[in-house]
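**Q** Below are the chains, spelled out letter by letter.
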Amino acid sequence: MKQENNLTRGKVTGVIANLVMVDVDGPVSQNEICYIKLDDVKLMAEIIKVFEKRAYVQVFESTRGLKVGTEVEFSRGMLEVTLGPGILSKNYDGLQHNLNTMDGVFLKRGDYTAALDSEKKWEFKPLAKEGDSVVAGDWLGEVNENEQPHKIMVPFKFEGKYKVKSVIKAGEYNINETIAVLLDSKNKEVPVTMVQKWPVKIPIKSYKNKPRPFKLLETGVRTMDTLNPIVEGGTGFIPGPFGSGKTVLQHAISKQAEADIVVVAACGERANEVVEIFAEFPEIEDPRTGRKLMERTTIIANTSNMPVASREASVYTAMTLSEYYRAMGLKVLMLADSTSRWAQALREMSNRMEELPGPDAFPMDLPAIISNFYSRAGFVNLNNGESGSITFIGTVSPAGGNLKEPVTESTKKAARCFYALSQQRADSKRYPAIDPIDSYSKYIEYPELQEYLKENVAEDWVENVLKIKNILIRGKEASEQINILGDDGVPVGYHIDFWKSEVIDFVILQQDAFDPIDRSCPINRQKYMLEKVLDVYDTGFEFESFDEVNPYFKRIINEFKQMNYSKFESDEFKRHEKELYKIIDEKKTA
Amino acid sequence: METKAFQKIYTKITQITKATCSLNAEGVGYEELASVNGRLAQVVKIQGQNVTLQVFGGTEGIPSNAEVTFYGRPPTLKVSEELAGRFFNSFGMPIDGGPEVEGEEREIGGPSVNPVRRKQPSELIATGIAGIDLNNTLVTGQKIPFFADPDQPFNQVMAMVALRAKCNKIILGGMGLTNDDYLYFKNVFDNAGALDRIVSFVNTTEDPPVERLLVPDMALTAAEYFAVDNNEDVLVLLTDMTLYADALSIVSNRMDQIPSKDSMPGSLYSDLAKIYEKAVQFPEGGSITIIAVTTLSGGDITHAIPDNTGYITEGQLFLRRDTEIGKVIVDPFRSLSRLKQLVIGKKTREDHPQVMNTAVRLYADAANARTKLENGFDLTDYDERTLNFAKEYSEKLLAIDVNIDTVTMMKTGWELFGKHFTPAEVGIREEFVEKYWPKQE
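Protein chains in written order, with my numbering: chain B, 1 to 590; chain H, 1 to 441.
No wet-lab data here; the hints were simulated from the structure.
One or more hints might be untrue.
In silico DSBU-like links for lysine-lysine, alpha-carbon gap of 35 Å or less [claimed, not checked]: (1) Lys186/B to Lys169/B; (2) Lys574/B to Lys346/H; (3) Lys429/B to Lys391/H; (4) Lys429/B to Lys78/H; (5) Lys78/H to Lys108/B; (6) Lys347/H to Lys90/B; (7) Lys119/H to Lys429/B; (8) Lys37/B to Lys12/H; (9) Lys78/H to Lys67/B; (10) Lys372/H to Lys467/B.
Some chain B residues close to chain H (C-beta under 10 Å, calculated; not the full set) [stated by the list, open to error]: (11) Ile16; (12) Ala17; (13) Ala266; (14) Glu280; (15) Ala301; (16) Asn302; (17) Arg311; (18) Glu355; (19) Gly400; (20) Phe506; (21) Gln510; (22) Glu572.
Over 10 Å on every C-beta distance to chain B, these chain H residues come out as not near it, computed from the model [as the list claims (entries may be wrong)]: (23) Glu100; (24) Gly326; (25) Lys327; (26) Ala369.
In this text, a Cβ means the ideal position worked out from N, Cα and C, and glycines have one as well.
Okay, chain H solo, but in the shape it has when bound (with noise of 0.2 Å):
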């Protein structure tokens, strides 16, 4: 982005901060973009004459003397086909070698879709893992975080679930992600043979953490572009957006905000909403789905983050270490999805909703019988029978490296149930029984 030619240039800064720096300045219009020492910054508050600004790259070295010019407008994102197979930072710039990219210039962080001109999601996102598609299943225009310790390999997970998505584009915003993660994506998509229809917008932990600030905005204006103007069916991915939250703290901490619960701003929940409510299915057949992490401190979803995530997003999906199998397994409690009832029995199998209840219900009576185990009690023949199926239901059907379709995950559930249980146990509804229910051999 260079500088026009006529431009003003500011010289005096009044005030820096770690995060920002204050200047006097005339004309400027809030949520600009600015250039702080070539450094980009933006508008975040304006007092007469006094403008502050947010600077991206974080202030270290800023001389009170730098040079401050103004760009005049906010943010944008330079939108066309050729976003597709490459890779920028937070600014929208290439960071793959490639060339700058032609097209549209569109403000980011746009205004909001009309309530009215939603339509309800309707369309099944098959990930073939059952943990997903049996209990969990996503559905077009969604919007799901994982909640995921920092240990567990959501990313994996996510990239898996890209990747296996019927979608016509996949839209990655990293925040914070590490280099070798940031390379692992790059490596997956590549040899996935994926890479093109694939954007990337990345700012690693080598990268200054305000930046972040712009990721999740870039991505969705890119996804909107494909959603919106081509039609296409868009996955964005968000990783991670509890460090998205972290920046949010620092800035409004610099500004002096009296900060919320956990020192989180006062406004986190519009903050996160705004991006999450991308998520939509547009009337012309178009679609944004968001599929985020949001890394949890020792599994405490009470943390402003998770919590106020929880009421934005439309579920979540828990990972989980299932020690009895040795495989990291969607945890079929706590995880939920909020519009699986739109399509199961609908779009999917008509005994999905009913396999689905009894299997978990099952694994809940495994749970109590593992409890009576550990306090020492006797375990009844059921007791003991739960056990193994439930050990059965982690192995093929719960754990992550598992990639069936539909149908065969109600072929199993059948399976299992016939294999451990009887018919009176289950409680499924008479027809289904006698439709699905294993043949003696």
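Extracted from the complex, chain B is given alone in its bound form (with noise of 0.2 Å):
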């Protein structure tokens, strides 16, 4: 803990954009935040760059009317999250500010409010006694936010081992109160309140390790789970031109995926956007718990029109939160739109601050910052046994469409699933957009996820998702001959393929994120569908000419849609798996 006295000082120099220059009387430091005293607000800036007595600052706010000579006060600190119980439901913008207590319908300048409520009274239950030896992230007690078992830990940035002197009766407390007394190695007293603070752009790391992730994360979107499943602590990006349904599959995800706790993080995206989560999540029940989604949800939003240096933040500050809710033991989920965003933040500062540029003008180590950050997620073992995990799954938006651009090209390298949004799927309505072939999982590699899949799923799983994929290649291939050599210049057998093709992508790839029914389908039912799908790919068909196979595997298709349009086993499923099985048969070879 440093000394409060001697803050440095400093005047500014001079102003472009947000990038402001700040000649300092004494120590900075890099990231360190700082505050401009503009006529009666306080803007707030965090230091990028310190060439001898000048520090180069962005500023989170506009720096409209800013002049030489303003004074400029110190922190000592980076910029720091406030954790607590009392996150989740709340709405922030990049610097966790609470954006539903500020004033009026515009932001102003300025207007930071408190990132908690200090007033709220939490129902505590210790879980440590005196006596236990501590570390920084073990737990000294819970309360219960929103059903959900909020720990209250051993604050992060206590260093090394603490021994529990007391802790508080179980009972109401608001975040404020001291509910522990720990002694460090010197037998001095230290309180502990239920909130700690800790700086965005370092990991929290109060974990035993870090192993590889193993376990499905179920997002109840076919194409994902089925063919390139995310695991709990895995890492994924979906790149989509304009228009390809990226946020409208971001929102699904967020909606479905069993996860304990949803970070989103509306990084420079349309704010009506955010709207609409704000309008529905409050709404829409989460199918496994029955409470509204917003309860397991926080959401950072910082769109396009709010200030470009804490859109930078913003992602960070989501990151820090889910680190929090991970210590807890629980699996989080954090979605950030869309990190392309992210990145022009960093061009624009780097670009005021005349550094070379790298490719398309964003800086240098742009590579670098992105896969640091994406490091980040991961499943961990806590020092108790426990363990949780943060899933991160962020958006790119690529420029013009092209996957070869600096923002996707680093992100394929630190993400380890790729879900490319095909523009030509978008066209002709195959949503999600998700390219089969060209998107992949890494996971499904890992012989651990393999491992769980055949416990969980089923034995042959990963061989008959492996299959799928190569029908579908097929399929593509013997589509592009059909339409080279014309309908009747190939064999039958072609349009067979490609039809066999078709029905993978209409039943399994293809899903209504609108239907009440289909939107969602969890592992057991894909496992199904699966199986009947390749029931029909395993079946020989015989056909007098090309022309009856098309409007043949219609027929097969449209019973297919049925059965995920109905209930799943519901007379109406299986009065169309009947169906099916009828049209099988009118065709089938001996």
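Using the hints, put the two chains back together into the complex; each one sits in its own frame.
**A** Right, here's the structure in full:
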């Protein structure tokens, strides 16, 4: 802990948009936060470069009216978030200011609202007892936050071992009351409250180890779960041109994924899309718990018209909140839409600082920044034997829809799942537009996951999935041949191959995000449908000529689709299944 | 804007480029307005004593001893009811010969709306054009551009949309408008007797290009006045945003900034988002809807300007000349309104989504049939019928000269389905077919 006196001060010497130069009278550190006193408001800013006596700071607000000579006060601390009960269901800006408690319709400069409610009383239950030896991240007690056990931990900033001197008895307390007293190695008493702070740019590492992830994270989206599964603690990204359904897909994942906590970073995107979450999440029920989705969700909203520097901070804020909940042994899903806007924020600053640019004028260290960020996700074993995870999925908005641009390429190196949205699929309304052939999940190659899938889904699951991918590739090849040589220029078998892959496309890959039943498909149902589809594939068919193939398979697809739209194993579902087999029998070879 | 007494006058310019000039000055605020030999300028960079000004009128003829005075405030607009029916230049000065507007002086380019205070847009904007109302329905609080080649009649369509939309105020922000187009807008609004609900901020091609940078902010400041203070529904027309972006690149280039894709400044996305995100549905009932024009070069939407715009706006409208019927239509494939889901089938008749999707799908079948025809393959009976359908669909619904209400649009849709197809071929949900399929006479 440092002393609070002798804070460094400075004076503004230059302004270029939100980059401000400050001459300082004392020591400053990289990423230190300072406040610029403009008239009666204080504008928050972060040091991003120091050159001799001059600090270059990025201001988290508009710098309109700022003059040379304006006073600046440095805080000694980096940009920090406040961690404690009450984060869930909140709508924060990129710097964790509560948007709901701000005054007025318009955002005001320097209107910094508190992240947590200091009045609210929480029902506290002690978990640690006197004499326990504890380290940072160990659980001292818990409170009930939206029916979720919220652990009160030894602050992450505490170094070394501590001994519990006392823990307050069960009861109702607010976040600032002392709930435990610890003794450090010199036997000095250290009080602990329910709230602590942590700098966003530094990963929280209060866990034992970070093994390779191995558990499937169900999203209810067939083309993801079946073909390219993501795991608890995994990383993935969704690049796609505008209009290809990135946001709809991300919203679907955030609604359906089997996670305890969902943190959504709306980073530099349309405000109306966030409004949609604001409007819907408090209404939609989480099918697993029966509670409203908003109760497990925290939204960091830094829309495209909000200041660029806090856009950069917003993804770090969201990640740090995720790490906090992971340390409680929870399954966290973090979504960022879109990481390209974050990269653009980095580009704007780099540009103003006149750094030598890398490709497309992005900063040279962009790949390193992106992979460092993705590496903060993961599955961890905690010191107390429990485990927690952060699954991170970011969207990327490639310029011109071209995947050979720096942000997509850098992310490809960092993320292990790649869900490429294809313009062609979007144009033909085949949603979700994830390209089944270009996309991949590295996790399906992990023996740990294969083992898990064998045990929890089906013995031959992985083989079947690989088979499906193969059929899709063959179907594509067949369709290319048909297009080149004409319908009657190829053997009928080509048409059958093509239509068998179309069955997979229509039944497994395509999914109606707006249909109440089809939008979320649990893994046991996915398994059932996959087996049915493979049944069709393994059946031999006989046709007189090619023009019979198309209408026949359209009928098969129709029955399958009706099954997808019906409640699983309902009478309706079974009726269509029976109808399906009737159709199959019509053309089946003996 | 007259200068105040006791104002310090600087007369030593240290650097002049085509769009900016620099001088040594003290006590200058960022984004403050200044005058350089009578030309308006704005502070874009301060480095110690050295202040760089972006001169809106261009720096042609500016001497190194030009007189520079600072206003001590950013650009402002005086807002009041008096704005209605008036024409202004980029600085908010009347160009219609009328008197200056009296009212509260407001800074332009003000703060953003707190996202949690926004309301979800839910009111349909009827334009009578089926290519828009049926297939790409517009909603108040939406922002949507026309992506069009320069030879297409986007300004005409926009003027038509504006006049038919039921809104309280229409605000035109013209950037690099040709004098002819400016007069066209003026005439159309005048003839429609709508002048009293129109406010125009116009930068024509005769004016210096950098001046354009002020137009969207001027127009939106006026819009916010009507939408927030008076709870009115305001429609803002911005044409042409490509020329606005070009002006941005001119300034950033003169300031030696490193260009990113297509020589555009690295901040293009944020710059455009700041404008488009002013579109909002306010909780008190007022709204700002933005319809813009982004001209393309050769239909290329991967260029940085349309590309960034597409990521910001809630859809886009494409115009195309349909050679079959010899008219301009709203392209049903490439156009998209992201907010239509909020109103179709809810504020319009229940069968709206199905009629829309089915018609577009059949139109796509027709496009495939046409490709077949061009490649010399034989057409099936179904192909022939889709082609006939497509022609009528284009003529009766997609053409921009259509002006009918949404119920008539759906009725027309059903008539065309009934004329060319069987119910099994259109694949619409049974209950709707029973209800709306045209009865045989």
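**Q** Give a verdict on every hint.
**A** Each hint tested on the structure:
no.: 1; hint: Lys186/B to Lys169/B; verdict: 26 Å, holds
no.: 2; hint: Lys574/B to Lys346/H; verdict: 33 Å, holds
no.: 3; hint: Lys429/B to Lys391/H; verdict: 23 Å, holds
no.: 4; hint: Lys429/B to Lys78/H; verdict: 48 Å, violated
no.: 5; hint: Lys78/H to Lys108/B; verdict: 21 Å, holds
no.: 6; hint: Lys347/H to Lys90/B; verdict: 31 Å, holds
no.: 7; hint: Lys119/H to Lys429/B; verdict: 29 Å, holds
no.: 8; hint: Lys37/B to Lys12/H; verdict: 30 Å, holds
no.: 9; hint: Lys78/H to Lys67/B; verdict: 25 Å, holds
no.: 10; hint: Lys372/H to Lys467/B; verdict: 34 Å, holds
no.: 11; hint: Ile16; verdict: 5 Å, holds
no.: 12; hint: Ala17; verdict: 8 Å, holds
no.: 13; hint: Ala266; verdict: 8 Å, holds
no.: 14; hint: Glu280; verdict: 9 Å, holds
no.: 15; hint: Ala301; verdict: 5 Å, holds
no.: 16; hint: Asn302; verdict: 9 Å, holds
no.: 17; hint: Arg311; verdict: 8 Å, holds
no.: 18; hint: Glu355; verdict: 9 Å, holds
no.: 19; hint: Gly400; verdict: 3 Å, holds
no.: 20; hint: Phe506; verdict: 14 Å, violated
no.: 21; hint: Gln510; verdict: 14 Å, violated
no.: 22; hint: Glu572; verdict: 15 Å, violated
no.: 23; hint: Glu100; verdict: 25 Å, holds
no.: 24; hint: Gly326; verdict: 26 Å, holds
no.: 25; hint: Lys327; verdict: 24 Å, holds
no.: 26; hint: Ala369; verdict: 14 Å, holds
When the structure is compared with the earlier hints, violations turn up for hints 4, 20, 21, 22 and for no others.
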